[in-house]
Every structure is written in structure tokens, then in C-alpha cells.
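Asker: Now for the letters of each chain:
There are 2 protein chains.
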Amino acid sequence: MRNKKSESSIKKKKEIIIQTLQNFGLQIYDQLWNCEFPWTKMPSRSINNIFYDSNLRQYILGDKAVKRSATNIRHIRPLTQMIWTALFANELSTQKKTSTLRDVFYSAQAYEMSFKDQQESDNIITDLETVIGHSREDFNVFPEERSAIFGDLTIEYTLPGYEGRRLNLTSHPDGMMIGPALTNAEFADCKADKVIAIEKGGLFTRFVEERVHDKFKAILVHTAGQAPRATRDILRRLNQELELPVYIFTDGDPWGMHIAMVIISGSANAAHLRDLNTPDAKWSGVWASDIVEYKLPSDKLTELDIKRLHELRKDPRYRGKLWKKEIKTFLNIKKKAEQEAFSRYGLTYIVDEYLPTKLEAMEE
Amino acid sequence: MRNKKSESSIKKKKEIIIQTLQNFGLQIYDQLWNCEFPWTKMPSRSINNIFYDSNLRQYILGDKAVKRSATNIRHIRPLTQMIWTALFANELSTQKKTSTLRDVFYSAQAYEMSFKDQQESDNIITDLETVIGHSREDFNVFPEERSAIFGDLTIEYTLPGYEGRRLNLTSHPDGMMIGPALTNAEFADCKADKVIAIEKGGLFTRFVEERVHDKFKAILVHTAGQAPRATRDILRRLNQELELPVYIFTDGDPWGMHIAMVIISGSANAAHLRDLNTPDAKWSGVWASDIVEYKLPSDKLTELDIKRLHELRKDPRYRGKLWKKEIKTFLNIKKKAEQEAFSRYGLTYIVDEYLPTKLEAMEE
Chain C
59 MRNKKSESSI
69 KKKKEIIIQT
79 LQNFGLQIYD
89 QLWNCEFPWT
99 KMPSRSINNI
109 FYDSNLRQYI
119 LGDKAVKRSA
129 TNIRHIRPLT
139 QMIWTALFAN
149 ELSTQKKTST
159 LRDVFYSAQA
169 YEMSFKDQQE
179 SDNIITDLET
189 VIGHSREDFN
199 VFPEERSAIF
209 GDLTIEYTLP
219 GYEGRRLNLT
229 SHPDGMMIGP
239 ALTNAEFADC
249 KADKVIAIEK
259 GGLFTRFVEE
269 RVHDKFKAIL
279 VHTAGQAPRA
289 TRDILRRLNQ
299 ELELPVYIFT
309 DGDPWGMHIA
319 MVIISGSANA
329 AHLRDLNTPD
339 AKWSGVWASD
349 IVEYKLPSDK
359 LTELDIKRLH
369 ELRKDPRYRG
379 KLWKKEIKTF
389 LNIKKKAEQE
399 AFSRYGLTYI
409 VDEYLPTKLE
419 AMEE
Chain W
59 MRNKKSESSI
69 KKKKEIIIQT
79 LQNFGLQIYD
89 QLWNCEFPWT
99 KMPSRSINNI
109 FYDSNLRQYI
119 LGDKAVKRSA
129 TNIRHIRPLT
139 QMIWTALFAN
149 ELSTQKKTST
159 LRDVFYSAQA
169 YEMSFKDQQE
179 SDNIITDLET
189 VIGHSREDFN
199 VFPEERSAIF
209 GDLTIEYTLP
219 GYEGRRLNLT
229 SHPDGMMIGP
239 ALTNAEFADC
249 KADKVIAIEK
259 GGLFTRFVEE
269 RVHDKFKAIL
279 VHTAGQAPRA
289 TRDILRRLNQ
299 ELELPVYIFT
309 DGDPWGMHIA
319 MVIISGSANA
329 AHLRDLNTPD
339 AKWSGVWASD
349 IVEYKLPSDK
359 LTELDIKRLH
369 ELRKDPRYRG
379 KLWKKEIKTF
389 LNIKKKAEQE
399 AFSRYGLTYI
409 VDEYLPTKLE
419 AMEE
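Protein chains in written order, with the working numbering: chain C, 59 to 422; chain W, 59 to 422.
Be aware that one or more of the hints could be misleading.
If chains are identical, the list can't say which one is meant, so a pair holds when it fits in one copy or spans any two.
Subject to a maximum C-alpha distance of 27 angstroms in a straight line, what follows is the list of computed DSS-like cross-link-like pairs (lysine-lysine) [claimed, not checked]:
| # | residue 1 | residue 2 |
| --- | --- | --- |
| 1 | K155 | K275 |
| 2 | K353 | K174 |
| 3 | K275 | K154 |
| 4 | K155 | K249 |
| 5 | K353 | K155 |
| 6 | K386 | K353 |
| 7 | K372 | K392 |
| 8 | K340 | K275 |
| 9 | K379 | K358 |
| 10 | K122 | K99 |
| 11 | K252 | K365 |
| 12 | K382 | K392 |
| 13 | K416 | K122 |
| 14 | K392 | K174 |
None of these hints come from the bench; they were simulated from the model. None of the values given here were measured: they were computed from a predicted structure.
Next comes chain C alone, as it looks inside the complex (with noise of 0.2 angstroms):
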């Protein structure tokens, strides 16, 4: 282990997500023991209060603020939502049960309390993340998407019932999932001194089968194409608490290069939330330079892939050097190649050439 920083962030972090829930409350049984209508406010995520920070090199927001209060008619649906949605994650922080955005939509009829539809409870719940700048994986509501890890890092449970049990991430080679046990679990010891994000899971499978983990000392993670939230949480965390630097492979393709751009810079629907992406993770491919130079198979850019390409250049999160410059090449040459086109060179190329040479050009 690089540092202690881990020992109990997670604890730590629950609790600190369970005061800032009741004092959410606390202060709206205050308004009501001051005889005030009770009220909350939060930063307004519309898009013309959502910039590009190139200090957090993230999308945060900016001052403008909402105000929700039960003076004004239309507001007390809205906020009487969000106060029993609070308590619901309250209630699943507090009893470490987990849950997911479908659930708790259904749930809110055990409260009588009424959603219309499930867009109506993602969107309150979405609003809560702002309020208490905290994503909802945090107070246990998950997505049903999982994405997989490997490698030579042991984490500590805090899940109820397995709480200081350990396990090693090499333990199961199809990949240990990543659903709430691992993401509420502490690091608790570490061998490996890289990561490595892969985003199609044929090629994590060929990672592990080839040792990539024991032959580069990796921790490989599979991001199931666009990383969930508690992937780029994990990555992050790998990242920060370890210290370990994070490489990602994608398909070559402006969608594999926004995949990587999302763990690294994150998302402007996520601009109410810090600590989702990790800004010295690296791109490395497979870049468009890459096609030409392993003169790999290809596939001619679609129109959309071509629109696609205009739309990134625009984009803040894209002014880097290498951006730019993969950019104009898949403009130049129209291409674009996919993990697998290695196995062209036979199904151990990418591990055996490709990967050593990467990472060797990485680490400079």
C-alpha cells in the first residue's frame, strides 16, 4: 500500500453522507420550529450554469442557484419529494442496504408517497445529489450496469454480514463484479502499481487469460463501454488513494476517445458532483496514429462518427495536444479500428507487442 488514506475512507465517507442527510432535515425541521415555510436551495443545472473548469479539469456548476419553497405552490410537490427521498436514503445509508433507482420509485408507495413516473423519481433524486453534493451511489442506490475488476489488490467488505471479511481481486478470473459490495469496500492491500482500463470486455478476458496483471503488475478493470458511475468511482480511487497511475484502451473511434475523455474529465450531466473522474488518467489508445502505424483493419467513418469528430473539437475537454491531434487524424484518414483488429496479428499480439510498447511510451 502506497499510503493509509484508504484505511477508512469509506467508513468516513458514510458518515459523512449520513450527517449531511439529517442535516438536510435538521434544518428543515428549523425553518418549520421558526414558523417558516420550509424551503431548500441548491445550484441550477441548466445548461447555461454548467462551465468547463480547467483547474478541476471537470464540468462544474456555476453560481446560479434554484430555490425550492413551500410558499410557492408548484414547489411543494418537488420539495416534499426530495425530503422523503432523503429520508429513504437515509433510511438505506443508515441500515447499509442498497437499492436502485427503480426501486425507489416503487418504494415511494410503501410511503404513499407519489412519483408519476419513474423520470419524476430520477429526477428528485438527481436533485438530492446536488443538494448534498454527493452521487447516489453514495447513499446506496445503484444502477442495474456492471462492470468487472482484476487484479492483485485485497479489499475489506463493510457490507453487513461480511464486514473485515477480505478477498483478493484475483480471486475469480472471469473478473470480480463491481456492484455495491466492492465499491463500499476499503483497499486493504495493493501489489500492483498500475491500472488499466479496457473497454471491451473480450479483451479484458484476453488480459486476464494472458497474465497482463502478473506480467505488468496491473489491476485491470473492464468499463463495459461508457465506465458506470462506480467504475470511475473505483478508478479514482485507485488513482488517489494508491497512487496508481490509470491507463485506458478503448475502441478506436471517437466513442472509445469519449469513454476515456468521461473517467478522465467526466460529464456535464455530472457537473453537481466532484470526485467522479480522474484527471491524470491517460488515453492510450487505440489512437487514430495507431491505425496507420499497425496498419490495423478498419472501418470507414460513418457520417455520424465524422459528426461526431466536430462536435469533440469543439469541446472543452478536448484542448489537450493529443486530443487535437487524434482528432485531426481520424479526420485525415477517415479510419477507425476496434481492441480486437490486434488479433489480426494473432490473439496474443496485443499483450505480446502492443500493450509493452504503449506503456513503455506512457510512462515517459
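Assemble chain W onto chain C, guided by the hints.
Answerer: What follows is chain W alone, placed relative to chain C:
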């Protein structure tokens, strides 16, 4: 463990696959040796050769066969492609490496074997399945989709580098991924006495958190929607090797019903394969009649849902009494409900009340 059948079932199966692939090659060699133009014959997969076998309780192929012969110029390409695919499958199997459909497509280029697109190579892989009578997972070509399993079952890996290592499938409470390593593992020890398959990930997590595996001595399987073939294979093995009853819980709608049905009776697409379905598995809910009985929050059936129900009514797999009754009820009440709908009675109602009631009824 109920019986010892499983002890080397995987090893034996793999030996049979390799033998079958090599016999296919030897047959081609023999033909050439005998100055014959090489050819092969396989059952036709055309729609008019697919029949429902009510003894096997699955779709099977009829007597129509297709012959591919190098005497026919139009056959030379697919025949050559199939022979190469068998060669590649043999390499994967003997070297104990796994691959994906996508990888096979690109790998062909390493052998200067040409497929015009992945659709073409996918089709040839299905041809090879038909010729050798085993599914592609058996010769180590896996899809990207992963589902999960959790419960008191100890497996023994056969994967190189992991051979003989054992793992209990309660080790990681987010569930153990069902990938190549788990699919190729032997069942070493089992303390559970039933299997519960669950469509939704949120509910799978809920069941683990509420210790359903413990309280009901159950192995939990997350099908992640329509169960991938590797998962259907595991369900069948749990049922046949370990003689565990299998109960399937899905959403209460025609699509959920059909997830259960494909586990039980397979699909027409896989009529050329055996050993993928579990005829004795039971669809245990959410039934249309549960929606009524439990007064579940529900949505109106869409036109598409209703159309689907009418299709299912004509489907030979849906001849059983339960199926007929539930299809009728769906059409009567014109409603559907999700598994999470039980959360309206609190998060644990489904585990505390619904599940034991259902299991008791099913065991009768």
C-alpha cells in the same frame, strides 16, 4: 454433493469437443486422400426444418440436410471458411484460450482467411456448431454478455494457471461473473438445495443482501434479462448434475415469461443444439395472477405486449396449463408488473413474504 457425475464432466466434455473437431478434419483429409472433392453434410437450419419435440421439450432440427461440396463453386468459400473455423476452434480448445465472435472475425486475417464482415463469420460459427453438435462456448468462443451467480457452491477451475484452485461462490457478495473460467469449472461441493434464477440485477443484489442464499439454501443466478447461453448451460448443469430444482423469477409480462421459457425449453435459433435447456425448471413468478393477488403497482399492457401474448399462445412451448392460464389472465387484466413492484410493501417484503409463499407452492 448429490452425485459424482460432475467430477470430471468438464474435462471429458472438452476431450469430446477436441476429438469431434479433429474427426471433422480427418474426414476432410480422408476425402482428399481418396481423391474426392472435400464435402460436409449438416442438418438444415431453415425454418421448415425446425420442429418442437415434446419429449425433449425443446426445438430440434428435422431430417432435411444440406451438403457443402467443393465440386460446387458457390460452396468452396463457405466450406473453406468452416474448415478454417474448425482449425481455429481446435487451437483455442487445445491451448485452452478463449475468444469472442468478434475476435474470430479478426483472427481470420492472421491466417489470410477472408470474411467479408462479422455476420459472415458468425454464420460459419453456427454452421460449425451444427456440424459438431456443440455450442460455440464449448469450443471457447464466448459472447461479451456476463451474468452472475452467488451461493454455497464450490467450484474447481480448469483454466490454465488456475487448475485445481477452488472458490466458494459466496466469496464476493456482488455475485461471481459467469464467464469462460466459471463455465469451464467443475462443481466440487454444494451445500444448497435449490436454484433461484432472477431476471433483474437489483433484485439479485437484494436477495444477496437479505441472505436468501442462506435462509433458503439457494444458489442465486442473475440472468441479466434473456440468459446468455453460458448461464443457461450452468442452470442445466446445476439441475442435472447436482439434481437441484430451478425456480425462475422474472418480470410479470410476456417478455419475462419468455425469459423463463427459453431457460426451460430453449429457442428455435438453438434447435441445432442440445444441453442448453432445463426442461424441469419452473417459472415461479411474477405471474399475471400475482399482479391481481398482491395488488401490485402495474402498467397497462402495450399493443406490442398484447401482440406478443397472442404469439406465445400459438407457440408449442406454451401448451402447459400454467402458461395457458397466465397468458389468459394477462389478456384479461391487460396489466403487467415488474419484479421491483413488490417494493411498494417495503424493500424486504419480496423476501419475507412473497418468496417463501411461492417456493412452498412450487415444491408441492
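Asker: A separate judgement is required for each hint: does it hold in the structure or not?
Answerer: So, going through the hints one by one against the coordinates:
For the identical chains of this complex, K155 and K275 are inter-copy neighbours only, at 21 angstroms across copies versus 34 angstroms inside a copy, given an alpha-carbon limit of 27 angstroms. Within a single copy, K353 and K174 get their C-alpha atoms only as close as 54 angstroms, which misses the 27 angstroms cut-off; across copies the closest is 18 angstroms, which meets it. Taking CA atoms no more than 27 angstroms apart as the test, K275 paired with K154 passes between copies only; the shortest distance there is 23 angstroms, against 34 angstroms inside one copy. For a Cα distance limit of 27 angstroms, the shortest separation of K155 from K249 across copies, 26 angstroms, qualifies, whereas the shortest one inside one copy, 31 angstroms, does not.
In this assembly of identical chains, the alpha carbons of K353 and K155 lie at most 27 angstroms apart only when taken from different copies (25 angstroms versus 51 angstroms within one copy). In this homomeric assembly, K386 and K353 come within 27 angstroms of each other (Cα to Cα) only inside a single copy, at 18 angstroms, whereas the closest approach across copies is 59 angstroms. Taking CA atoms no more than 27 angstroms apart as the test, K372 paired with K392 passes inside one copy only; the shortest distance there is 19 angstroms, against 49 angstroms between copies. In this homomeric assembly, K340 and K275 come within 27 angstroms of each other (Cα to Cα) only inside a single copy, at 17 angstroms, whereas the closest approach across copies is 46 angstroms.
Taking the closest pair of Cα atoms, K379 and K358 come within 27 angstroms of each other only inside a single copy of the chain (24 angstroms); across copies the shortest separation is 53 angstroms, beyond that limit. Proximity of K122 and K99 under a CA criterion of 27 angstroms is satisfied intra-copy only: 10 angstroms inside one chain copy versus 72 angstroms between copies. Taking CA atoms no more than 27 angstroms apart as the test, K252 paired with K365 passes in neither setting, with 34 angstroms inside one copy and 53 angstroms between copies. Taking CA atoms no more than 27 angstroms apart as the test, K382 paired with K392 passes inside one copy only; the shortest distance there is 15 angstroms, against 55 angstroms between copies.
Taking the shortest alpha-carbon separations for K416 and K122, neither the intra-copy value of 44 angstroms nor the inter-copy value of 53 angstroms comes in at or below 27 angstroms. Only between protomers do K392 and K174 lie at most 27 angstroms apart by alpha-carbon distance; the minimum there is 20 angstroms, versus 46 angstroms within a single protomer.
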